[in-house]
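A.B. asks: Listed here are the chains, written in short residue letters.
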Amino acid sequence: MSMVIAGVLPPFTWNLWQDIQAMLHYDFMRQAFLAATILSLVTGLVGYFVVLRHQAFAGESLSDVAFTGALGGAALGINPLASLLVCTIAVGVAMGGFGERLRGRDVAIGTVLAWVLGLGVLFLSLFTTHASGTGTGFSGVTVLFGNILGISTGQTQTIALISAGAILGLLLIARPLLFASLDPDVAAAQGVPVRLLGLGFMVLLAVTVSEATLAVGALLVFALLLLPAAIAHQVTSRPSSALALAAGLAVLITWLGITIGFYTSYPSSVCISLLAFVSYVAVVGSKRR
Amino acid sequence: MPIVFADLYSPSWDLVADIQILLHFHFMQNAYLAGTLVAITAGIVGYFMVLRSQSFAGHSLANVGFAGATGAVLFGIPAVIGLFVAGVCAAAGMQTLNLAERHSRQSDIAIGAVFTASLALGYLFIHLATAEYAASVYDILFGNILGINDTDVSIILWSTLVLLGILVVIARPLCFASLDPDVAAASGVPVRALAFGYLVLLALVVAVAVQVVGVLLIFALLVTPAAIAQYLTTRPGVAVGIAIILALGFTWLGLAIGYFTPYPVGFFITTFAFGAYVLVRGGRFLLARVGQRRAPTSLWSKGGEA
Numbered sequence: 000m001s002m003v004i005a006g007v008l009p010p011f012t013w014n015l016w017q018d019i020q021a022m023l024h025y026d027f028m029r030q031a032f033l034a035a036t037i038l039s040l041v042t043g044l045v046g047y048f049v050v051l052r053h054q055a056f057a058g059e060s061l062s063d064v065a066f067t068g069a070l071g072g073a074a075l076g077i078n079p080l081a082s083l084l085v086c087t088i089a090v091g092v093a094m095g096g097f098g099e100r101l102r103g104r105d106v107a108i109g110t111v112l113a114w115v116l117g118l119g120v121l122f123l124s125l126f127t128t129h130a131s132g133t134g135t136g137f138s139g140v141t142v143l144f145g146n147i148l149g150i151s152t153g154q155t156q157t158i159a160l161i162s163a164g165a166i167l168g169l170l171l172i173a174r175p176l177l178f179a180s181l182d183p184d185v186a187a188a189q190g191v192p193v194r195l196l197g198l199g200f201m202v203l204l205a206v207t208v209s210e211a212t213l214a215v216g217a218l219l220v221f222a223l224l225l226l227p228a229a230i231a232h233q234v235t236s237r238p239s240s241a242l243a244l245a246a247g248l249a250v251l252i253t254w255l256g257i258t259i260g261f262y263t264s265y266p267s268s269v270c271i272s273l274l275a276f277v278s279y280v281a282v283v284g285s286k287r288r
Numbered sequence: 000m001p002i003v004f005a006d007l008y009s010p011s012w013d014l015v016a017d018i019q020i021l022l023h024f025h026f027m028q029n030a031y032l033a034g035t036l037v038a039i040t041a042g043i044v045g046y047f048m049v050l051r052s053q054s055f056a057g058h059s060l061a062n063v064g065f066a067g068a069t070g071a072v073l074f075g076i077p078a079v080i081g082l083f084v085a086g087v088c089a090a091a092g093m094q095t096l097n098l099a100e101r102h103s104r105q106s107d108i109a110i111g112a113v114f115t116a117s118l119a120l121g122y123l124f125i126h127l128a129t130a131e132y133a134a135s136v137y138d139i140l141f142g143n144i145l146g147i148n149d150t151d152v153s154i155i156l157w158s159t160l161v162l163l164g165i166l167v168v169i170a171r172p173l174c175f176a177s178l179d180p181d182v183a184a185a186s187g188v189p190v191r192a193l194a195f196g197y198l199v200l201l202a203l204v205v206a207v208a209v210q211v212v213g214v215l216l217i218f219a220l221l222v223t224p225a226a227i228a229q230y231l232t233t234r235p236g237v238a239v240g241i242a243i244i245l246a247l248g249f250t251w252l253g254l255a256i257g258y259f260t261p262y263p264v265g266f267f268i269t270t271f272a273f274g275a276y277v278l279v280r281g282g283r284f285l286l287a288r289v290g291q292r293r294a295p296t297s298l299w300s301k302g303g304e305a
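As you go down the protein sequences, you meet chains A and B in turn.
Every letter in the first sequence is one number past the one before it in numbering that gives the first Met the number 0, and letter 57, counting from 1, is 56.
Every letter in the second sequence is one number past the one before it in numbering that gives the first Met the number 0, and letter 162, counting from 1, is 161.
I should point out that these hints are in silico values taken from the structure, not numbers from a laboratory.
You may find that some hints are simply not true.
[To be verified] Below 25 angstroms or equal to it, Euclidean Cα-Cα: the simulated SDA-like pairs (lysine to any residue) are:
1. Lys286/A - Ala194/B
2. Lys286/A - Gly92/B
3. Lys286/A - Ala99/B
4. Lys286/A - Val202/A
5. Lys286/A - Ser236/A
6. Lys286/A - Leu98/B
All values reported here derive from a predicted model rather than from experimental measurement.
Assemble the whole structure, with the sequences as input and the hints as a guide.
C.D. replies: Structure follows, in structure tokens:
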């Protein structure tokens, strides 16, 4: 879609205000900005806890699970959002069930992930042999890399609804979760239900990752989940400012990335991810000196 | 292609005849040869990956292969070179970023950052390459084990021999450094250099294997056999042996069943591996329960939660 439109797009001028107006003139761009802003907010907030709890691998695996779930839904003719929500929540709870022990956790996640990827291959082959040419416009590449410029109004509404729920849930458990993440032993001694909180967080993560993966692809989800939060974690150790910084950075990077993508006709998910990566490397590098 | 052959040569309960059918075609001989070589290296390297809790690094390096392969096609260089360069760069990036991080005891953030960047670059390369090329993305992601030619086999053979040679040399200190990094460092083992060396080795093994089994499935051969082996024994030598045998078994079985059915080989390999893992974990758990009931102080009750 972005490729076709690129031919008639307005050129970039150095009058930034006019550029933004020209960009937002298009309905699909307004839609993309709206959806991307909501998604960056929720991934930035959830991502901070992912970084704090060292669950990057779990987060990444969940977006691969979402990939498989969506493909499975498509192959079996079930609604992709429903099937991937069920898959990711089930796998997320299973991962949370492995407990708070760091040692051996990655192996368990990895083993489950390996099988889920194998299932994805099966669904992909089923999907391409039985359902290709039906014109659903759904392909494996879309799920992996997404197309934020192709979001529909209905999708934006779903995103807004699920994201609002996720943010609300996160704010409700934020304080005890923070305590349980920073010092699980002391928190458990104080009577905080550490295990239950861990499970609850995995469900939140699963819901966030799956709705976002369906909308913008696994690549962008993981970039927005991890990198802004990692930068915030480097810059400040105060949780409240780190949370705000992570969400703010996620939104800022997304806006910049979409704008660059719009004026250069490169895929916006690539622009956003690379921008986030370069910022992260710059922050880590400057901290070292 | 296998669908057509399956009509001509359908499986029977005569296993010898089945194996003859299986190895009748040259492409299947190549598939078995390449699969065997990849399974052996993956079993050994995977054991260290599990021991060092570096599954995420392994998964990420496998995905880095995606950027390497697509980039190689875009710049017109051989895929092997693209895979090697991308893998070594990614290993270096992970190591540098992790050491520079403020909280560098857990390396998952640095790995995740490199992972994101490589995935983005891979997608950028597809975008820049021509449209018809996008179809072969699936080959890179999922591998094409039935499409391996003689040149591929010889490349895989030589790189496997070199990698195994390096592994034999560093196996002892690496094992020491993985099990107890602090004591190893105190006795003069170059722990940091070994960590980097191992990441590069992992990247190279993945680069070789990606051409056979694809970005998404090499990870299954790395992690699952080693995870099962770790459940069965704590002795490193025995565990490596078990991991190799399991990796070989899953690959051979997966290839055979994938040949006789229209479904992808990778699905069968990962499913057998996962099934065995669940079986071993479940069996271990049940044995622990039974042992606990009979004799509360037996060895099983101690090992059950491991």
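A.B. asks: Checking each numbered hint in turn, tell me which of them this model violates, lowest number first.
C.D. replies: 4
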